[in-house]
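S.K.: So the protein lines, in turn, are chains A and B. Okay, so the first sequence: first residue is 1 according to this note's numbering, each after it adds one. Okay, so the second sequence: first residue is 618 according to this note's numbering, each after it adds one.
One or more of the hints may lead you astray.
Dumping the calculated DSS-like pairs for lysine-lysine here, alpha-carbon to alpha-carbon at most 25 Å [said to hold, decoys possible]:
#1 B:K758 to A:K588
#2 B:K678 to A:K601
#3 B:K653 to B:K761
#4 A:K265 to B:K664
#5 B:K678 to B:K664
#6 A:K589 to B:K678
Because the hints were derived from the structure by calculation, they are not lab data.
Each chain is listed here by its residues.
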Amino acid sequence: MPRFESVDHLREYRRQLMARQDLKQPQVLVCAGPGCLPMGSAEVAAAFKEELQKNGLDGKVALKECGCQGLCARAVKVLLRPQEIAYQHVTPEDVPEIVEATLKNGQVVERLVYEDPDTHNRLVRKAEIPFYQGQQAIVLRKLDVIDPESLDDYLVMGGYRALRKVLTEMSPDDVIAAVEQSGLRGRGGGGFPTGRKWRIGADALDEVKFIICNGDEGDPGAFMDRAVMEGDPHAVLEGMIIGAYAIGAQRGYIYVRHEYPLAVKRLALAIDQAREVGFLGPNILRSGFGFDIKISRGAGAFVCGEETALIASVEGFIGEPSPRPPYPAQEGLFGKPTVINNVETWANVPEIINLGADWFAAIGTENSKGTKVFSLVGAVNHTGLVEVPMGTTLRRIIFDLGGGLRPGREFKAVQTGGPSGGCIPAQFLDLPVDYDSLQSVGSIMGSGGMIVMDNTSCMVDVARYFISFLYEESCGKCTPCREGLKQLRFLLDEIIAGRGEMEHLSLMEELCGTMSSASLCGLGQSAVNPVLTTMKYFREEYEAHIRDKKCPALVCRPLLKYTIDPEACTGCLACVRECPVGAISGKKKQAQEIDQELCVKCGLCYEACQFDAVKVE
Amino acid sequence: MDAQRLESILSHYECEPWDLIPIMQDIQDSYSYLPKDELQEVSQRLKVPLTQIFSVATFFKMFSLVPKGRHQVKVCLGTTCHLRGGSRLVESLSNRLGVEVGYTTKDMQFSLETVGCLGSCAQAPVMMIDDKYFGRSSVDKVPKILKLYK
Numbered sequence: 001m002p003r004f005e006s007v008d009h010l011r012e013y014r015r016q017l018m019a020r021q022d023l024k025q026p027q028v029l030v031c032a033g034p035g036c037l038p039m040g041s042a043e044v045a046a047a048f049k050e051e052l053q054k055n056g057l058d059g060k061v062a063l064k065e066c067g068c069q070g071l072c073a074r075a076v077k078v079l080l081r082p083q084e085i086a087y088q089h090v091t092p093e094d095v096p097e098i099v100e101a102t103l104k105n106g107q108v109v110e111r112l113v114y115e116d117p118d119t120h121n122r123l124v125r126k127a128e129i130p131f132y133q134g135q136q137a138i139v140l141r142k143l144d145v146i147d148p149e150s151l152d153d154y155l156v157m158g159g160y161r162a163l164r165k166v167l168t169e170m171s172p173d174d175v176i177a178a179v180e181q182s183g184l185r186g187r188g189g190g191g192f193p194t195g196r197k198w199r200i201g202a203d204a205l206d207e208v209k210f211i212i213c214n215g216d217e218g219d220p221g222a223f224m225d226r227a228v229m230e231g232d233p234h235a236v237l238e239g240m241i242i243g244a245y246a247i248g249a250q251r252g253y254i255y256v257r258h259e260y261p262l263a264v265k266r267l268a269l270a271i272d273q274a275r276e277v278g279f280l281g282p283n284i285l286r287s288g289f290g291f292d293i294k295i296s297r298g299a300g301a302f303v304c305g306e307e308t309a310l311i312a313s314v315e316g317f318i319g320e321p322s323p324r325p326p327y328p329a330q331e332g333l334f335g336k337p338t339v340i341n342n343v344e345t346w347a348n349v350p351e352i353i354n355l356g357a358d359w360f361a362a363i364g365t366e367n368s369k370g371t372k373v374f375s376l377v378g379a380v381n382h383t384g385l386v387e388v389p390m391g392t393t394l395r396r397i398i399f400d401l402g403g404g405l406r407p408g409r410e411f412k413a414v415q416t417g418g419p420s421g422g423c424i425p426a427q428f429l430d431l432p433v434d435y436d437s438l439q440s441v442g443s444i445m446g447s448g449g450m451i452v453m454d455n456t457s458c459m460v461d462v463a464r465y466f467i468s469f470l471y472e473e474s475c476g477k478c479t480p481c482r483e484g485l486k487q488l489r490f491l492l493d494e495i496i497a498g499r500g501e502m503e504h505l506s507l508m509e510e511l512c513g514t515m516s517s518a519s520l521c522g523l524g525q526s527a528v529n530p531v532l533t534t535m536k537y538f539r540e541e542y543e544a545h546i547r548d549k550k551c552p553a554l555v556c557r558p559l560l561k562y563t564i565d566p567e568a569c570t571g572c573l574a575c576v577r578e579c580p581v582g583a584i585s586g587k588k589k590q591a592q593e594i595d596q597e598l599c600v601k602c603g604l605c606y607e608a609c610q611f612d613a614v615k616v617e
Numbered sequence: 618m619d620a621q622r623l624e625s626i627l628s629h630y631e632c633e634p635w636d637l638i639p640i641m642q643d644i645q646d647s648y649s650y651l652p653k654d655e656l657q658e659v660s661q662r663l664k665v666p667l668t669q670i671f672s673v674a675t676f677f678k679m680f681s682l683v684p685k686g687r688h689q690v691k692v693c694l695g696t697t698c699h700l701r702g703g704s705r706l707v708e709s710l711s712n713r714l715g716v717e718v719g720y721t722t723k724d725m726q727f728s729l730e731t732v733g734c735l736g737s738c739a740q741a742p743v744m745m746i747d748d749k750y751f752g753r754s755s756v757d758k759v760p761k762i763l764k765l766y767k
């Protein structure tokens, strides 16, 4: 690619790209997002490559491995353009049929398209599928169109047009004013107004300033930032370059978890490409403005998602938070003003510049503007990434887009905000989702994880899970968090083990109060939310564990008993092989028996049994 | 100490104190652990006390002070994986490999670890061996997955 010497040069290059575009060219887009990758998307793409070659179509059909197409439940997904045919559950074995029927003869392979669970109608096109209706894509817009490794693809989709506009038509102050006016708030969870943060950074008098993209998406159950970094890395870069221009920063860092190796690779490639053509480096597009970005790989610590801890680790220290104020925008990395925003926040910026602050501010609710990407997972039928306008109700997201729960299952709660969030019960399903409403019911927006739980989930176990997670991840610097989590875990363990007392509940409430008011950073302050919300909304479950020594959801191990139904057991010995303590015995092809003295209640036999012969009570 | 190997890592950096974590990550990736001699050399070159290096090495999960196995088995224990039996998956792997979480098999083939979240929540439970993801890896799929690496 050429090095763009001016804004006009870039405009001309894009014009030529557009002229070369063949809109009728058949395209095969294999989803390689976080949901499809573990289900074998690379093998499907390889099969397409081979089959296209075999049929002499490799020059005529464009094959791309693109970012997340949203509906992870139907992995591996393949989108055929221009007809917009959405194939689902594609395996390498299906590929020859797709090539033969669809690419060569223009026919739809019926068995691979979406089947409506109620009407059994086959829905061929992506836009017809209920999961996608009601979504509004701003951040995810380009994910299922572009090849994430192609800068040309990004340019064709209007990429770096916002940068062009900013450098030629807008002063740094104009940019900040636009972001302020748009009402954009931090998508990492805190919800701090982005424009205000930028203003503080811009007003700081230091000559050296930094920008950081927080891609340390540590909340379990959240993968929207991973999808954006892997699927549309240039959008993040463009947002950051615009932010740097507005604030007057010379250097930027993208902090990515090392658990996301593909995101690291894609961002590194995008940075190289941007440097090569002159979007990064000194004198960007000959505007006199210079800025460069470096990747900083996380080393595996949840607390580094907290901004002051993140800064400490970029400086080469362990990830311990420090008290605020001073806020990083005043005094951050190496003591210099540092504006930190989350991946999704940065990715919104180019669109706000392109389409205008008013357009953005017209989407969403009064105090929460724009859209939010949620990772809708857990007990719903249509798991995946959804992007909806702020203010969409939980019911609409979970039941209309998410397709509700599996037959025979009952909605129990939806967990938002990761370990800092809470469990929201059915009575609040009609709650419009925005920053303020989620807080009003004891949870938070967080980074956008939305985990649906049904009657097979135990809320005491869920609370214990989050407390145990945070106990492991607490940096240990301040006492309320370090010791509070330890004690909370102890009390929850007692309850789960059947040794709980009713007084434990009030003790836990007291601990939560201290932790939320006295912890140093957000990790400890909000750690209490999973406990408080489950105790408030699902008190009867705690009482069942304590009073009746029973786990109604059949989850908490010490309160369970495993037996084998001699009628159903075929004596295949699958359970015997799985049992870690040798508690199962019996002759081959005859019913087996579990020795209750030896049984550690791990449930491996239950999972290994293909005949539903292992019973749990 | 493999001086050449360390030099080629250090050559990518200006060896300022804030290069510490990236350098340690490169050493971890290249050696599969952080050898003592190398860390001492890094300490001198970056003018960072060895105590700080030790605190970083023990604070972050990706670092190991003992050699790791040829294959890194990571089991996700994110919320969705937890609800879908992630801990049973860990136990099954632990039984089959004959190794506790956080340790390496005697033949140095596999290291078993758990991870907060791998970000493939829609396919829970998820595990990863090296850079390859395995979705919906219930206990009964474990033997088949391990076979690919044995």
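S.K.: If a hint holds in the structure, say so; if it does not, say that too.
M.R.: Right, here's what the structure says about each hint:
| no. | hint | verdict |
| --- | --- | --- |
| 1 | B:K758 to A:K588 | holds, 22 Å |
| 2 | B:K678 to A:K601 | violated, 29 Å |
| 3 | B:K653 to B:K761 | violated, 37 Å |
| 4 | A:K265 to B:K664 | violated, 30 Å |
| 5 | B:K678 to B:K664 | holds, 24 Å |
| 6 | A:K589 to B:K678 | violated, 46 Å |
Consistency with the previously given hints fails for numbers 2, 3, 4, 6, ordered from lowest to highest.
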